[in-house]
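Asker: Residue numbers (the numbering used here), protein chains in the order written: chain F, 51 to 167; chain W, 3 to 113.
Just so you know, the hints here were simulated from the structure itself, not pulled from any lab data. Computed from a prediction, not measured in an experiment: that's the story for all the values here. The C-beta atom is built at its ideal place from N, Cα and C for all residues, glycine as well. One thing to keep in mind: the hints can contain errors.
Unchecked claim - Quick list of the computed label-pair ranges, beta carbon to beta carbon:
1. F:Lys70 / W:Ser70: 41 to 49 Å
2. W:Asp68 / F:Cys63: 41 to 49 Å
3. F:Lys105 / W:Arg79: 29 to 37 Å
4. F:Thr165 / W:Leu13: 40 to 48 Å
5. W:Pro12 / F:Glu109: 26 to 34 Å
6. W:Tyr41 / F:Thr165: 16 to 24 Å
7. F:Asn101 / W:Glu5: 38 to 46 Å
8. F:Lys64 / W:Lys58: 31 to 39 Å
9. F:Gly66 / W:Tyr53: 46 to 54 Å
10. F:Gln92 / W:Ser28: 39 to 47 Å
11. W:Pro113 / F:Met95: 44 to 52 Å
12. F:Lys105 / W:Asp80: 47 to 55 Å
Single-letter residue listing:
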Amino acid sequence: GAVVSQHPSWVICKSGTSVKIECRSLDFQATTMFWYRQFPKQSLMLMATSNEGSKATYEQGVEKDKFLINHASLTLSTLTVTSAHPEDSSFYICSARPGEGSTGELFFGEGSRLTVL
Amino acid sequence: QKEVEQDPGPLSVPEGAIVSLNCTYSNSAFQYFMWYRQYSRKGPELLMYTYSSGNKEDGRFTAQVDKSSKYISLFIRDSQPSDSATYLCAMSPGGYQKVTFGTGTKLQVIP
């Protein structure tokens, strides 16, 4: 299957700082990437859809100024958690679809665990 | 009512058993159906991907989709302790529309 790489896999930061997480599609181009948040023992919560060359589409209740998404190329999307607070501590996962207009098949990164002290 | 319903488990079975995991859904627009396996603190791994109704087999895994009943299943034959994980069903109308996930079923295969 297609490979999606996410970095860093875990990060610890102080409250008030910003953290950037990268999501790369290694063997395919992705015009669309997705960012999810997962709480312990819960399913994936879609945060936003990242579109190459245009603004991200955020789900209801997700603060776009807090979670900055940039999709600068067909293989890279970044999520920046700005002015992080302890309640932002979570497991963040990205996913991508190969090709344009492709079907629902999604491939996921390994996830990034953020701990805000 | 949630768009996708999945029993959270946990489901415990002895090694070698046949495991049946299921999801029901309410959105008749769903055309593409996926099963993901997620180990603790890891990203989901795509196991099976099917389009519309029918069966698909890959090794010990069989995915079934019954669109008339809005019901999908994943069967695992000869289950192994390494199959212990959370299994997520997911579905989409296709194209650029978002994928909707079930809450996941935690499976434990006991040696």
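Asker: Next, verify each hint and record whether it holds.
Answerer: The hints, checked one at a time:
1. Range check, lysine 70 of chain F to serine 70 of chain W: about 47 Å between beta-carbon atoms, so the 41 to 49 Å window is met.
2. The beta-carbon spacing between aspartate 68 of chain W and cysteine 63 of chain F, approximately 47 Å, falls within the hinted interval of 41 to 49 Å.
3. Between lysine 105 of chain F and arginine 79 of chain W, the C-beta spacing of about 46 Å breaks the proposed range 29 to 37 Å.
4. Between threonine 165 of chain F and leucine 13 of chain W the Cβ separation comes to about 30 Å, which falls outside the hinted range of 40 to 48 Å.
5. At about 29 Å, the CB distance of proline 12 of chain W to glutamate 109 of chain F agrees with the hint of 26 to 34 Å.
6. A C-beta distance of roughly 20 Å is found between tyrosine 41 of chain W and threonine 165 of chain F, which places it inside the suggested range of 16 to 24 Å.
7. A C-beta distance of roughly 23 Å is found between asparagine 101 of chain F and glutamate 5 of chain W, which places it outside the suggested range of 38 to 46 Å.
8. Against the hinted window of 31 to 39 Å, the Cβ-Cβ separation of lysine 64 of chain F and lysine 58 of chain W comes to about 48 Å, which falls outside the hint.
9. In this structure the hint that glycine 66 of chain F and tyrosine 53 of chain W lie 46 to 54 Å apart at CB holds, the actual value being about 47 Å.
10. Range check, glutamine 92 of chain F to serine 28 of chain W: Cβ separation about 20 Å, and the 39 to 47 Å hint is violated.
11. The supplied range of 44 to 52 Å is broken by proline 113 of chain W and methionine 95 of chain F, whose beta-carbon atoms lie about 34 Å from each other.
12. Between lysine 105 of chain F and aspartate 80 of chain W the CB atoms are about 48 Å apart, so this pair conforms to the stated range of 47 to 55 Å.
Hints 3, 4, 7, 8, 10 and 11 from the earlier list are contradicted by this structure; the remaining hints agree with it.
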